[in-house]
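K.L.:
Residues per chain are reported as follows:
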Amino acid sequence: MDRRDFIKKVIGTGIVAGSTVAFGDFAKVFAAADASPVAYDLVAVKGGEPEVMFDRAIASLGGIEEFVPRGSKVLVKPNIGWDVTPDRAGNTHPKLVARIVEHCLNAGAKEVSVFDHTCDPWMQCYKNSGIERAVKDAGGRIVSGDSEGYYHKVAVPNGKRLTETKVHELLLEADVFINVPVLKHHSSSMVTIGMKNLMGVVWDRGYWHRNDLHQCIADFASYRKPTLTVVDAYNVMMQNGPRGVSAGDVVPMKSLIVSRDFVAADAAAAKLFGTEPDDIPHIQLAAEMNLGRIDLSALSINRIKL
Amino acid sequence: MRLHRLKTLRVGVSVVFFTLIALLFLDFRNMVAPSIAGGVLYLQFVPSLLQLVSTAALGAAGCIVIVILTVLFGRVYCSTLCPLGTLQDVIGFVARKKRRRRAFQFSEPHNVLRYAILALTVLLLIAGSGFLLNLLDPFSSFGRIFANLIRPVVLLVNNVAAVTLEQLGMYTLPRVRWAAFASVSVGISLATLMLVVWLAATRGRMYCNTICPVGTLLGLLAKISMLRIGIDPGACKGCKLCEDACKAGCIDSRKKTVDVGRCVGCYNCFAACPKDGMRFENRWRRRVSAVQPDRERRNFLLNSGVFLLGLLGVEEPTKMIVQSKPTTIPVRVTCPVSPPGSGSIAHFTATCTACHLCVSACPSRVLVPSIFEFGLQGVMQPRMNFHTGHCNYDCTICMDVCPSGAILPLTVEEKKLTQLGVAKFIKENCVVYTDNTVCGACSEHCPTKAVDMVPYPNPANKKLKIPEMKPDYCIGCGGCEHACPTKPYKAIYVDGNPVHKLAKKPMVKKIEIKVDDNEDFPF
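Protein sequence lines, in the order shown, are assigned to chains A and B.
With the working numbering applied, the first sequence covers 5 to 310.
With the working numbering applied, the second sequence covers 472 to 994.
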């Protein structure tokens, strides 16, 4: 770094930091005044337990009431794909799922359903992931995704390779759809975050695999935008994904990302994982299809460190 | 001594065992089956005998208990413990309720047929084929009837109820997926059930005294038993009520004799006799006259011809191909895959009675009845079918329920290192090769990462990875084959090991990417 470069950076940082402080503070005052918080595009939290981080994140977005109207039917879709325990980070953390269910019910949701079309036998996945117990204790209902009868054919009008597919009826009935993926390494799609997690609401995943996986993931993302995407990055499987071989594949990252924009959520999570969003074809494709924003620098992000 | 109550006791015990055993085969959510199967099935004669012979484990000596019981008290097994025996009693009870109550009568034994069946069964077994034993073992026949015929009905009821509840917005009852259709097993189960229904409805326990090799064997033992049912000539008024009540047709009220070799120990005669004329005699003090000479009346083997019906039909119809390029290279399986814990194909086929309890209990639906994959003698014995599922890494349920020792218990850690077979990769069938698009479904499901993804230079100049096999780490669970999306032929498939091997422990790689907890957000 030469002197000129150094000076440029210092000044640049100074402007950014200064304006953040100035506008940030102003925004807070303004928000407090008329009780509506800043509309952040994305909230990232670090350094807490999954449920604590979610509390903070959702509060900064104005509370779950912003997303869950009274009497609505909510679908919370975690990743419950594998018959592994929470420490292996193969599935979404049960505490996070439970907390989201609690928030929705507190906001007056009529019912909160949770399911996944699992890869390993579903009953063992539901049980050993800890999610079945957590959801029941939180007052939500856990539903099977293990029968083709639950899935109904829908059109994917904007799909390039995936033009129709069978989708679980709970998604078709849901007023509010909260996608709760876990951030993981993935042998097929490089990483699995929000869009990839949607493979768990369809019946025939094989079709995606043999018809350009990344394109199909992006295609299906165009079918229905989740109301909210909550990325669990509390424990992150950095290799041997998506199933993992041992707890040695897992790194505690203690992070959480929440956004209305699922492309932005995936992009931010990809960065947490250590990759560039542009390098993950399905994120790139989704951005090209105008499904969301991949350029994080253009977003208003609330970064919370606990 | 008043022994009227014996019948009540016998009915009570038989109903308990029948219910528990039926529950094992119908417990589609595995709520109790894995934990109670060992205890409930401990006394099942043929599975226990095979386990004793193959493993010499005295813990599995339920059959010895049965032999001792039979030598002391006659064929108590046949009316209390044998689920097929109780099933016949139920059928007979219903049939006689429906029609005018018809009395049983004494019949001559079909000795040629019954001893021929027993001899053939034993000879085949000595020669190394359990074919006839598996076909005729009453417990296994019962299991197959319940697993292949009754279970689907229960699933149907469950699913209809589930769909009905869903209309009301309730998802409390999950739908259950059907098992893969196993034509031969369904056919044979149906033929067995028809035969059993017909005989039980019209001829009492003729199945047990003519066809069942266990009945015939225990009958031989009963002939030398200590306590035997007999008629007290002093008390007997010759009213024939005992003969009318004897579903085994073994009481000759005219001669006042009981053929103890055919008595199934139901004690209905005690309840029927108004004069307490039935009694237990300790025959180890004096000899009895020999059984009546043989007379063959009907060729029951004709009925077995019905068995062949099951051989018709096709399983696993190939589904419509939806793929840009259908695969061209057929998979070459040289050996079927036997379940974990079976050790080898030889041990498995010699010990399995094809009762299909593991098929019922397997939560992955990977265990399905074979047709001729294990050869003719292994017909209906379960094999691993990776088109219907894959063996769940941490699951040991089949080992928990197997009553015959064909699938021996392994710890979860042992099971995870047991190599049932090795996956073979056919590059030319792989989506990555044919379409130059990303896949990796196989590696995704691989619990040991024996299927690894390695960089693949390609004509499309895309960033692609293609599977690479590390056979030493493969345990043959079939996750890769099950997940592989190519059709009609898979790009990866498991070829069985005739003798199971020990796989290498999965490698623990150090994580390359560093994560600093105190670092700022990277965005």
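Derived by calculation from the structure, the hints in this document are not laboratory data.
A virtual CB, placed ideally from N, CA and C, is assigned to each residue, including glycine.
Treat the hints with care, as some may be off.
Okay, the calculated bits of chain B under chain A, using three or more residues with CB under 8 Å as the criterion [what the hints assert, rightly or not]: (1) 478-486; (2) 580-592; (3) 642-653; (4) 842-854; (5) 902-912.
K.L.:
Please go over all the hints and tell whether each is borne out by the structure.
P.N.:
Cross-check of the supplied hints:
1. 478-486: With 0 residues in contact (Cβ-Cβ under 8 Å with chain A), the coverage given for the stretch 478-486 of chain B is violated.
2. 580-592: It is violated: at least three residues are needed, and the stretch 580-592 of chain B offers just 0 whose Cβ sits closer than 8 Å to chain A.
3. 642-653: This one holds; 6 residues, not fewer than the three required, reach chain A with a Cβ under 8 Å.
4. 842-854: That given contact is violated, which follows from only 0 residues of the stretch 842-854 of chain B lying within Cβ reach (below 8 Å) of chain A.
5. 902-912: As far as the stretch 902-912 of chain B goes, the hint holds, because 7 residues have Cβ atoms under 8 Å from chain A.
Of the hints listed earlier, those the structure fails to meet are numbers 1, 2, 4, in rising order.
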